[in-house]
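**Student:** In order, the protein sequence lines correspond to chains A and B. First residue of the first sequence: 1, per our numbering; consecutive thereafter. First residue of the second sequence: 1001, per our numbering; consecutive thereafter.
One thing to keep in mind: the hints can contain errors.
[Unchecked claim] As a list, the in silico PhoX-like pairs of lysine-lysine whose alpha-carbon atoms are at most 25 Å apart: (1) A:K94 to A:K328; (2) A:K417 to A:K328; (3) B:K1041 to A:K94; (4) B:K1041 to A:K328; (5) A:K363 to A:K417; (6) A:K363 to B:K1041.
[Stated by the list, open to error] Taking CB as the label site, the calculated pair distances span: (7) A:K496 to B:K1090: 18 to 28 Å; (8) B:R1088 to A:S303: 22 to 32 Å; (9) B:L1015 to A:T2: 54 to 64 Å.
Just so you know, the hints here were simulated from the structure itself, not pulled from any lab data. The C-beta atom is built at its ideal place from N, Cα and C for all residues, glycine as well.
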Amino acid sequence: MTDIIRMTAADLSTHLQSGEISAVDATQAHLDRIEAVDTDVHAFLAVSSDALDTARRIDERRAAGEKLGPLAGIPLAVKDVLVTTDMPSTSGSKILEGYMSPFDATVVRLSREAGLIPIGKTNMDEFAMGSSTEHSAYGPTRNPWDLDRIPGGSGGGSAAAVAAFEAPLALGSDTGGSIRQPAHVTGTVGVKPTYGAVSRYGAIALASSLDQVGPVTRTVLDAGLLHDVIAQHDPHDSTSLTDTWPSMAEAARSGARGDGLAGLKVGVVRELSGDGFQAGVQSRFEETVALLTAQGAEVIEVSAPHFEYAVAAYYLILPAEASSNLAKFDSVRFGMRVQPDGGGTVEQVMAATREAGFGPEVKRRIILGTYALSAGYYDAYYGSAQKVRTLIQRDFTAAFEQVDVLVTPSAPTTAFKFGEKLADPMAMYLNDITTIPANLAGIPGISVPIGLAPEDGLPVGIQVMAPQREDARLYRVGAAIEALLEQQWGHTLISKAPALGGK
Amino acid sequence: MSEISEEQVAHLANLARIALTPEEISSLTTELDQIVDSIAKVQEVATPDVPATSHPVPLSNVFRPDVVGETLTIEQALQNAPEQADNRFKVSAILGEEQ
């Protein structure tokens, strides 16, 4: 039998159901792994002290003959942006250090109801602002493929946790690529569902019109299994869709069998390849597209002329929404309170608290958002950005009239080194050029590993995007790509990740 | 050039209730100037005929039945408060001496 921590969630599920492995075994194995490697990786901000008790209760229920869901007894890492009642929720910020939520985020509640075992909270850029986890107030997470490099962001902790076999499944959130870009740089799978498909209730809001919670895993099928648990209508989120969704796990299984590639129309976005993309990222991407062609897919180049304005629009819309969402950190109801020297009024206390509690990137974006929303600049900046959003949606609509799915490299480069882009905010922002358009248009996207870049031996991912509500298409195509490549290689990509020394 | 001044950044910081240090105001002024220069390009294509999009998936009024829902208890609502008294959040003085 494979080592428990190296099993996919789907395999672990089979062993749990047959009784060969107990939920306590599965949980203990992952807690041991965290203990052994997380000093190096630093994927976790908190580890649950209840996980083993929860696992024991799952085992008891199973032993009593209760019919449990497929993921019952499987450990789950939870991004710290999602509030939990049993562990602190900080969103990577000092201002929320030690914050204990009185309620669970809906996705956490649904996960618990499905029998998943939350084992810890994962590190992230503060309030999900960043592409590297270097903006976490609690220190960066390191990429399991190379500890001197970034694990992506903002959800670098969730991606590193699954890549380092500290958890088989994780939850992330994606506002401009925070699930897909970490998946790309860590050789894992990440899905940003259609906007509204998954509840945002209890996800500490960054930019409410862009945020979406989704699965972070090592395989497409595992992502589908977790997606099936969390994609439900939630009356607590007024933007939650009421759709009934097909099973994403079934879509992944059908894709892995090779169904549906023949005749599939695949669009390559002209504006998101070539110039500005690392050679090894581009070549792995082209090889994967050629593989799809060989399987009978019809590849068409499509143009999305307004994508070049996407990053600019995003860095107006996001700071505008974030500056108002973060106004709630006012030192009154929760979070840190700092008294200025000699005391002060409530407004002075608020300003001193926010000065001490927010990191540099958060301050930068709040000030930028406040500027974009100021009288006299509103129409020129925020108003124009909202119009660009319309133009990008129209580009997608036109593209999806010609093709079933769009593909791009998931990010322009492989994992960069710590510090490389820290001093140049615009360079960091441009890293999200491939992922941002999907958030602006509310469409779903997946990143699937497609190999290592020859020049640096680091993982590369392909992004597949589909029209709104067509999330199942991502799973079919993503699983097909994964199956074809693994057949070609004779192994999974993640099995080639370097062993972590541990302690 | 967007020409953002230090005075402007100080004013924005006051609006956003962040007591930035003079060093932060100075570095943010330079950074914001560069960022705004790069993002101002949205104006090139945002012509008057293009409608604005505020929400990616259009939804019309979302209602729920007008009944009492789940609410937090007073203890839960106050459990994270920096300061509390008599079942209420306690804050510093609202008015300063000059007011």
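**Student:** Each of the hints needs a verdict: does it hold here or not?
**Tutor:** Hints versus structure:
no.: 1; hint: A:K94 to A:K328; result: holds (15 Å)
no.: 2; hint: A:K417 to A:K328; result: violated (34 Å)
no.: 3; hint: B:K1041 to A:K94; result: violated (34 Å)
no.: 4; hint: B:K1041 to A:K328; result: violated (31 Å)
no.: 5; hint: A:K363 to A:K417; result: holds (24 Å)
no.: 6; hint: A:K363 to B:K1041; result: holds (23 Å)
no.: 7; hint: A:K496 to B:K1090: 18 to 28 Å; result: violated (57 Å)
no.: 8; hint: B:R1088 to A:S303: 22 to 32 Å; result: violated (59 Å)
no.: 9; hint: B:L1015 to A:T2: 54 to 64 Å; result: holds (57 Å)
When held up to the earlier numbered hints, the structure conflicts with 2, 3, 4, 7 and 8 and fits the remainder.
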